[in-house]
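Top to bottom, those sequences are chains A and B.
Letter 24 of the first sequence, counting from 1, is numbered 24 in the numbering used here, and no numbers are missing.
Letter 51 of the second sequence, counting from 1, is numbered 51 in the numbering used here, and no numbers are missing.
No lab work stands behind these hints, which were simulated from the structure alone.
Where is the CB? At the ideal position from N, CA and C, for every residue including glycine.
Heads up, some of the hints might be wrong.
[Stated by the list, open to error] Per the computed footprint, the stretches of chain A lying under chain B, defined by three or more beta-carbons under 8 Å from a beta-carbon of chain B, are:
#, region
1, 104-111
2, 226-237
3, 373-385
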Amino acid sequence: MTDSSLKQLAALLAEGKTSSVELCTEYLDRIAALNPTLNAFITVDRDKTLLEAKTADTRRAQGGTGTLLGVPIAHKDIFCAEGWPTTCGSKMLSNFVSPYDAHVISQFKAAGMPSLGKTNMDEFAMGSSNETSFFGPVKNPWDLKAVPGGSSGGAAACVAARLAPAATGTDTGGSIRQPAALCNITGLKPTYGVVSRYGMIAFASSLDQAGPMAPSAEDCALLLNAMAGFDARDSTSLQRDKEDYARDLTQPLKGLKIGLPKEFFAAGMAPDVAKAIEAAIAEYRTLGAETVEVSLPNMGLSVPVYYVLAPAEASSNLSRFDGVRYGHRAAEYGDLTDMYERSRAEGFGAEVKRRILIGTYVLSHGYYDAYYIQAQKLRRLIAQDFIEAFKQCDVMLGPTAPTTAFDLGAKNEDPVQMYLSDIYTIAVNLAGLPGMSLPCGFGNDGRPIGLQLIGDYFAEARMLNVAHQYQLATDWHQRTPEGL
Amino acid sequence: MSLSLEDIQRIARLARIRVSETEAAQTGEQLNGIFKLIEQMQAVDTGGVAPMAHAQEVYQRLREDAVTEPNRREAFQAIAPQTEAGLYLVPKVIE
Numbered sequence: 001m002t003d004s005s006l007k008q009l010a011a012l013l014a015e016g017k018t019s020s021v022e023l024c025t026e027y028l029d030r031i032a033a034l035n036p037t038l039n040a041f042i043t044v045d046r047d048k049t050l051l052e053a054k055t056a057d058t059r060r061a062q063g064g065t066g067t068l069l070g071v072p073i074a075h076k077d078i079f080c081a082e083g084w085p086t087t088c089g090s091k092m093l094s095n096f097v098s099p100y101d102a103h104v105i106s107q108f109k110a111a112g113m114p115s116l117g118k119t120n121m122d123e124f125a126m127g128s129s130n131e132t133s134f135f136g137p138v139k140n141p142w143d144l145k146a147v148p149g150g151s152s153g154g155a156a157a158c159v160a161a162r163l164a165p166a167a168t169g170t171d172t173g174g175s176i177r178q179p180a181a182l183c184n185i186t187g188l189k190p191t192y193g194v195v196s197r198y199g200m201i202a203f204a205s206s207l208d209q210a211g212p213m214a215p216s217a218e219d220c221a222l223l224l225n226a227m228a229g230f231d232a233r234d235s236t237s238l239q240r241d242k243e244d245y246a247r248d249l250t251q252p253l254k255g256l257k258i259g260l261p262k263e264f265f266a267a268g269m270a271p272d273v274a275k276a277i278e279a280a281i282a283e284y285r286t287l288g289a290e291t292v293e294v295s296l297p298n299m300g301l302s303v304p305v306y307y308v309l310a311p312a313e314a315s316s317n318l319s320r321f322d323g324v325r326y327g328h329r330a331a332e333y334g335d336l337t338d339m340y341e342r343s344r345a346e347g348f349g350a351e352v353k354r355r356i357l358i359g360t361y362v363l364s365h366g367y368y369d370a371y372y373i374q375a376q377k378l379r380r381l382i383a384q385d386f387i388e389a390f391k392q393c394d395v396m397l398g399p400t401a402p403t404t405a406f407d408l409g410a411k412n413e414d415p416v417q418m419y420l421s422d423i424y425t426i427a428v429n430l431a432g433l434p435g436m437s438l439p440c441g442f443g444n445d446g447r448p449i450g451l452q453l454i455g456d457y458f459a460e461a462r463m464l465n466v467a468h469q470y471q472l473a474t475d476w477h478q479r480t481p482e483g484l
Numbered sequence: 001m002s003l004s005l006e007d008i009q010r011i012a013r014l015a016r017i018r019v020s021e022t023e024a025a026q027t028g029e030q031l032n033g034i035f036k037l038i039e040q041m042q043a044v045d046t047g048g049v050a051p052m053a054h055a056q057e058v059y060q061r062l063r064e065d066a067v068t069e070p071n072r073r074e075a076f077q078a079i080a081p082q083t084e085a086g087l088y089l090v091p092k093v094i095e
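Just chain A, with the same shape it has in the complex (with noise of 0.2 Å):
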């Protein structure tokens, strides 16, 4: 049963074929047998599992419905889960067990969903390969030596190696996008404001955002509809009618105007990337598609702006862990700043520092300005760059990452080397627009190529159908690793 999608899952669950203790049984098993392989999770909890499902297949049989009871998902741990450790890959959160369930964990309790477990990620979601996990980096389920990339590695991980039917992300650069490109599934990034941000651990306010990772499209569409909704505990929550996001799914691509930016083509794409690309582009010719170039001429300062409003926006949310009310604290302090200053240092790993204080640095007196204040005006540059862009096409395509996985360890000493590993996806985060990968090919190392779509403002059903019908016209996102 693991090989069939959440549709198909649902439609057995619905006919009485399978019961949810059965299916999340033959998922844990899965998960005792590979994890300790893959590290995809920090945490599973069989009993916990069960009991869910068990409430699932009662819901059931007292006459519940709805398309997703009883079909198990896995949580990235950075969303809240009352009961559950809820770490966000770092030490700091190592003793911490929720005492209350983030939204997007609260929806898909609605909706029946047993949770698998919590899976691993990059520190507090910074990191494009999940190796600044306290818990250890991930492996690629398509090559034990390459990272999965992150920072929702554990996610992309699992859900590639059919440990989980489905799991949750949340993307600040690029953290559903790229992982799911380099391990071979279909991640979206919804529109800014879109999914609620409440109870999933804050890195950079202004850009995070949560969404689904499945193997298909048409799973994404029907994640999509649990996870996503006004809540008023999240400020930046947009008050929205309902939308079915599967809605289009079927409707022909005759006549759509697919954008390629000029600067996604440019230097700096892998031959091999490029290749798959490419064909992806004839695919969607066939299929009735118009292909139209368009320019966004500041993507090029992306990573730079990138990496000084989310430092500065990490800086300020991460001082809420001062091992005070909940978190790491220091064993030996003198006076209070020592008790902050000793906690901190022992509960942040290596990059979560540097971004902190590159933050703190660029919010301080004399620099606010020239760093800042620059990067917010360039912000809007790119943002209208894309407005621009949309009055000549329908959604945007081009590749995910530059490149197909690369080795564990490859970029570890080089952060910015790493940093430029999420060229394509950050100036989405910025703009704030909705954006997805989608598998596309394999390279020349036989690692995955994810194909990247980006849609216009809350054109999320839109670019799910443009993603649902080139997956009816190629198998690519049904391809799983051999020899798991």
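Dock chain B against the given chain A, drawing on the hints supplied.
Quick look at chain B alone, frame taken from chain A:
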């Protein structure tokens, strides 16, 4: 621009993170590499451009002045490093 060891120590103090001298030297090198990347921003003339803080033009919502959350002090304090009589304990700050 190049950050000195003193700069690193000053920023670390502002951020309330203790760094040893060896750490400061290593961190300084990496931060200087990152700031070299960031300096690319300075080449662009952004005169007349309004800073963009947020992706959507939204405003703070107002809500009724009514109690919406229950008191869960015990649950919240159960995960604190040190509490006593319903209070969070920290080193003495007032003599």
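Cross-check of the supplied hints:
no. : hint    : result
1   : 104-111 : violated (count 0)
2   : 226-237 : holds (count 3)
3   : 373-385 : holds (count 10)
Violated hint: 1 only; the structure is consistent with all others.
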